[in-house]
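Participant: Take the given structure of chain Z and dock chain P to it, following the hints.
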Amino acid sequence: QLQLQESGPGLVKPSETLSLTCTVSGGSIYSSDHYWGWIRQPPGKGLEWIGNIYYSGIPYYNPSLKSRVTMSVDTSKNQFSLRLNFVTAADTAVYYCARNIEVTTNFDYWGPGTLVTVSS
Amino acid sequence: DIQMTQSPSTLSASIGDRVTITCRASQSVSPWLAWYQQKPGKAPKLLIYKASTLQNGVPSRFSGSGSGTEFTLTISSLQPDDFATYYCQQYDNYIWTFGPGTKVEI
Numbered sequence: 036q037l038q039l040q041e042s043g044p045g046l047v048k049p050s051e052t053l054s055l056t057c058t059v060s061g062g063s064i065y066s067s068d069h070y071w072g073w074i075r076q077p078p079g080k081g082l083e084w085i086g087n088i089y090y091s092g093i094p095y096y097n098p099s100l101k102s103r104v105t106m107s108v109d110t111s112k113n114q115f116s117l118r119l120n121f122v123t124a125a126d127t128a129v130y131y132c133a134r135n136i137e138v139t140t141n142f143d144y145w146g147p148g149t150l151v152t153v154s155s
Numbered sequence: 003d004i005q006m007t008q009s010p011s012t013l014s015a016s017i018g019d020r021v022t023i024t025c026r027a028s029q030s031v032s033p034w035l036a037w038y039q040q041k042p043g044k045a046p047k048l049l050i051y052k053a054s055t056l057q058n059g060v061p062s063r064f065s066g067s068g069s070g071t072e073f074t075l076t077i078s079s080l081q082p083d084d085f086a087t088y089y090c091q092q093y094d095n096y097i098w099t100f101g102p103g104t105k106v107e108i
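Here the protein sequences come in this chain order: Z and P.
Be aware that the first sequence starts at 36, since it is given in the working numbering, and climbs by one per residue.
Be aware that the second sequence starts at 3, since it is given in the working numbering, and climbs by one per residue.
One chain only, chain Z, in its complex shape (with noise of 0.2 Å):
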């Protein structure tokens, strides 16, 4: 069954950068028909797509993050990552990595999320 889990710190200040990894067990992040993604909820909220990573390390990004998310996969650890540079507290939000199916576009295995939250 596969697993995926979400690390990073949970507090973050204004205009620093918010570092996540998302570990994934029971199945290979090497895998070309999959990309792995990041979606964001603030509180109370809905769910706001952040990006897509292809396990060759070619990234698709929201176009309104885009100038401020940079992502990366390690095949060898099994983890991908997100870097969100100059944050504000619009950014605070529980943060969910999952899988995408290629083929058919949607996402089918996700993380149980980690809330961040950017305060001074």
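Some hints here could point you the wrong way.
[To be verified] Derived BS3-like pairs (lysine-lysine); straight-line CA-CA distance at most 25 Å:
id : chain 1 : residue 1 : chain 2 : residue 2
1  : Z       : K112      : P       : K105
2  : P       : K41       : P       : K52
3  : P       : K105      : P       : K44
4  : P       : K105      : P       : K41
5  : Z       : K101      : Z       : K80
6  : Z       : K80       : P       : K44
7  : P       : K105      : Z       : K80
8  : P       : K52       : P       : K105
9  : Z       : K80       : Z       : K48
10 : P       : K47       : P       : K105
11 : Z       : K48       : Z       : K101
12 : Z       : K101      : P       : K41
The set of hints was computed from the structure by calculation and includes no laboratory data.
Facilitator: Just chain P now, kept in the frame of chain Z:
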């Protein structure tokens, strides 16, 4: 970019009701439309993909239909476990977008 809307934003229903949620896209996204169920404090759960294909393990009371710019999620007979928020999600040209959500409440 493609914009997604969902209606209604909130839906009040009773056990056994037939419930329909609509998702509209600003341009055609067919057939790349998925539906998710989310309960408080939990990650979203995939229900439907490719507009009408039921994900393995999802009860058959859930169904999806539609094409082009208008899609629907139907719950044929609402059960206590179905009170949740439902999101649609589209894909177009390497951009994935979620709808704003529909909360189904008692």
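Participant: Does K47 (chain P) pair with K105 (chain P) here, judged by a C-alpha cut-off of 25 Å?
Facilitator: Status holds; Cα separation ~15 Å.
Participant: Would you mind confirming whether the straight-line C-alpha gap from K105 (chain P) to K41 (chain P) stays at or under 25 Å?
Facilitator: Holds. K105 (chain P) to K41 (chain P) sits at ~10 Å (cutoff 25 Å).
Participant: Take the C-alpha atoms of K101 (chain Z) and K41 (chain P), compute the straight-line distance between them, and say whether it is at most 25 Å.
Facilitator: 29 Å, violated
Participant: Would the hint linking K112 (chain Z) and K105 (chain P) be met if the CA-CA limit is 25 Å?
Facilitator: 38 Å, violated
Participant: Measure nothing beyond the straight line between the CA atoms of K80 (chain Z) and K48 (chain Z); if it is 25 Å or shorter, mark the hint as holding.
Facilitator: Holds, at about 22 Å.
Participant: Taking only the CA atoms, is the gap from K105 (chain P) to K44 (chain P) under or equal to 25 Å?
Facilitator: 14 Å, holds
Participant: Given the hint that K105 (chain P) pairs with K80 (chain Z), test it: the Cα-Cα distance must not exceed 25 Å.
Facilitator: 11 Å, holds
Participant: Taking only the CA atoms, is the gap from K41 (chain P) to K52 (chain P) under or equal to 25 Å?
Facilitator: The hint holds at about 22 Å.
Participant: Please work out if K80 (chain Z) and K44 (chain P) have their alpha carbons no farther apart than 25 Å.
Facilitator: Roughly 14 Å separates the two Cα atoms, so the pair holds.
Participant: Does K48 (chain Z) pair with K101 (chain Z) here, judged by a C-alpha cut-off of 25 Å?
Facilitator: Given pair K48 (chain Z), K101 (chain Z) holds - Cα atoms ~20 Å apart, limit 25 Å.
Participant: Below or equal to 25 Å on CA atoms is what counts here, so check K52 (chain P) against K105 (chain P).
Facilitator: 22 Å, holds
Participant: Taking only the CA atoms, is the gap from K101 (chain Z) to K80 (chain Z) under or equal to 25 Å?
Facilitator: Satisfied, since the Cα-Cα distance of roughly 21 Å is no more than 25 Å.
The structure is inconsistent with the numbered hints 1 and 12, although it conforms to all the rest.
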